[in-house]
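**Q** Now for the letters of each chain:
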Amino acid sequence: MKLLALETLQSLPSVILPRLIKMFSDTTPALLDEIRTHTQQGNWLDMAKAAHKLKGSCVSLGAEQMADICKDLQHKGEANDPTGVEGQVEALAALYPLTLNAMQSL
Amino acid sequence: MIRLIRHNISLPYILDGLVLALLAGLLTALIWFNLSGVSSQVTGNMEGSTLQIQRTQHLFAQQQELDAKITAQHEVFDQLLGGLDNLASQPDTSLFSPRKIHILGNTLAVKAELLLQSWPEELSPVLKQAYRHAVADVSQQSSALATSPVVEWGSKVKLLHQTLQQIHPQIMQVDMLDDHLGKQARDALHATTQTNQQNIRDIQTSLDKLKQGMLWGTLAIILAMLLSRLYFSRRFQHMTQNARRAQAIAEEAVKTKARFLATMSHEIRTPMNGVIGMTRLLMNTPMSKKQSEFVESIHLSGEHLLTVINDVLDFSKIEAGKLDLKREPFDLRACIEEILNLLHAKALEKNLELAYTVGPSIPVFIEGDMVRLRQILTNLVGNAIKFTDSGEITIFVLPRSRKGDDYELEFQINDTGPGIPADRLDSIFEQFSRADDKLVRQREGTGLGLAISRHLIDMMGGRIWVESTVGVGSRFHFTIRTRKAKGQLKPFLHNNIPAIIGKRILIVENNPASCQALQDFCRGWGAVADAVPTAADAVSLLAVGKPYDIALIETNLPGDSPLELSRYIRSRYSKQELSLILIAPPNDRHPKEVVRELFNQYLTKPLTRSRLFDSLMTVLGEASLLPAKAPPSTLKLGERLPLTILLAEDNPINQIVATAILAELAYQVDVAENGVQALTALQRQPYDVIFMDMQMPEMNGLEATRRIRADFPPERQPVIIAMTANAMEGDRQECLDAGMNDYISKPVLPEAVEAALQRCCQHNPNKHNKPEYAHETVSA
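First to last, the protein sequences are chains P and Z.
If you're matching positions, the first sequence starts at 1 in the working numbering and goes up one per residue.
If you're matching positions, the second sequence starts at 1001 in the working numbering and goes up one per residue.
Treat the hints with care, as some may be off.
Estimated spans, in silico, between C-beta atoms of each pair [as the list claims (entries may be wrong)]:
1) ARG1709/Z x ASP81/P: 31 to 37 Å
2) ARG1402/Z x LEU98/P: 36 to 42 Å
3) ASP1324/Z x GLY84/P: 31 to 37 Å
4) SER1292/Z x GLU78/P: 51 to 57 Å
5) GLY1321/Z x ASP26/P: 36 to 42 Å
6) ASP26/P x PRO1421/Z: 31 to 37 Å
7) GLU78/P x PRO1271/Z: 39 to 45 Å
Facing chain P, a subset of chain Z residues (Cβ under 7 Å, in silico) [what the hints assert, rightly or not]:
8) ALA1068
9) ASN1654
10) PRO1714
No lab work stands behind these hints, which were simulated from the structure alone.
What you are looking at is a predicted structure, and each value in this text was computed from that prediction instead of being measured.
Where is the CB? At the ideal position from N, CA and C, for every residue including glycine.
Full structure from sequences and hints, please.
**A** In structure tokens, the structure reads:
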């Protein structure tokens, strides 16, 4: 699975790309914090909602690896299943700067 | 700065070299002179010794000769003395007579003379003189004895005997002469030995001195060398550090510059995209002609500026070493076709022909960075179009070499433009260099395109060069190294299509490149293709009764040839018997109604495999050979199919994505943040279509859909298209069960949106009725 699916980004109108990337960089840290906080507090449904929200952004911008983790987190949150959630949250947080960098270097 | 450092470094290098050479020279000279001295001394000694030995040898020889002569005269002297004694004692019976005494006296004189001749000059001259006189007396007296009467013999013998007795001491002294010479020889020999020993001692001393001198000299030179090395190595170290620092500073400066450019380009791109986007939206609003012209001008300028920025961004990325090429499989022919599609409109403005041929042995899928290859080709073909006012642009791709699955491909981009002066050919690939500045000024461009292409080609393991003749045209060549790759073949990429195998196709095309491409494509699908360049040639073939199923006719045949040829064909064959396809640009010069009457199909330029395939399959599939379809509309979907659209989506990024995609299709969209807002908006005004996100706060898409289907009258019912990233079968069914009409998965792609709108609305003119079927379009 690719860090960044270029074909997704290339299919988008080029005029909106910079704005989208900026929005991604503006909104993602807060969503990551939200996911982390809900995870620490065991608010699994809220964590699932935040993961879903981030997943939407990631999917639209071709951030496949992040989207995949968000999808897992969402499903685990909806199922009240905390197994491996913390590790996945950290993996997600680690992927974010790499993904953003890949987007910005386009 | 680098040059200055190089200069500074080269000076100590020279000095270091000079010092080393000087010390080595000094060492050599020292050895040379010392050895020369010793050699001269040895030579001198050897010569002196030789002379001394020769002299000794001479003395020995002289002594031996003298010894023999002394012995000889002594023997005669003894005989004479003995004879006289005998004669004196026995005058009557003696064996010796006065006559014999006389002979012995003469013999003594002869022997004495021989002795005197060998007498060394320096040796006892007094003795020599006395001896000479004594021998003369003896000789004289012996002569007198011989001639004297017998009576006098006694007195004369006595006298002679007395004389002999008197000179006897002299004879004894003479006997010792050779001893003297022998002593001289011994002395000389001794002196020679002494001299030789002295010489050896002298040489020994000289060699000892030389050894010591060499030792000290070598030590001194080694020390000097060490000092020199130490000094210069420090200098070098210092300078290398300086050079490294300078290099690091320079590299950092280049990177900073590149980063700055990249950042700036990025920062400029963002508002520029806004300007262009807004301008595009503005162009869709009612404006006066003058306003439209102004806005069009802003739009073009914006697009141009964006191109410039993108070039600068690419160039700065290359300079900063941040540009990485991908190695992914892609379809080379599709890549070229995309470029031709993209640039066709510009070529059409000048009525330029665009054609391409890819060598049949080149694999369909190759490995590489398609985006960057497309960039290179777009640049070269774009330039060709830019500078060519009439004629054609052709692209050839040839296999240059092959080793297993590795290929080196050569691309040729030919144009019939004004050509490039010979003195500019070498510099044309440098940044900010263009062939004809005056010409270029009228035609835009950053001057970076070719430089970027050259860098990209370098990175692809190839090279680029150009051949050009002023007034005739240019041919850009470039090579890349690639590998055969595997990929999913589209239908038209397969060989031997059952529907086409054995079909007889006549190609009437006067452009050699297009003609070759058409033949390659048709034969690849299994057709039997004949190609001719003129209508007359085609008529000749048809006149002799050669049967064809399809004829592909190029619209640019001279004069009315295409129509005349098609009329000739129609006079003999119906549309069912022989399908005619006109290969023409969207703005074809021929009257459309005439074309529709005569031809089965338009094949719109630029010529691509997929279009040709579609055309062939269409005419082959149309048993009844319906009237030819009108050329595809250039209007956007929103202009052909106006709709009011509501987007229900909470994610701001997805809002922008969907809004922008719909804007590209010429739709303006209202946005609702959640299901509640969507219901409120629908209560406020009717919408033809709602793109509905499934999962939203407050009210999700499923619930909102249920409410809409339940609460709103049939005439207010919109088409509802779900958008979700869940992409699971259960979700799809859930959407349909809730009353949605269609379903697209995220990421939302333009093709998927367009397809969904066309499906839902074109097939359901009464958009307010709930459609009977539902679709799924998976974008990714």
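**Q** Among the hints numbered above, which are violated by the structure, and what are their numbers in rising order?
**A** 5, 6, 8, 10
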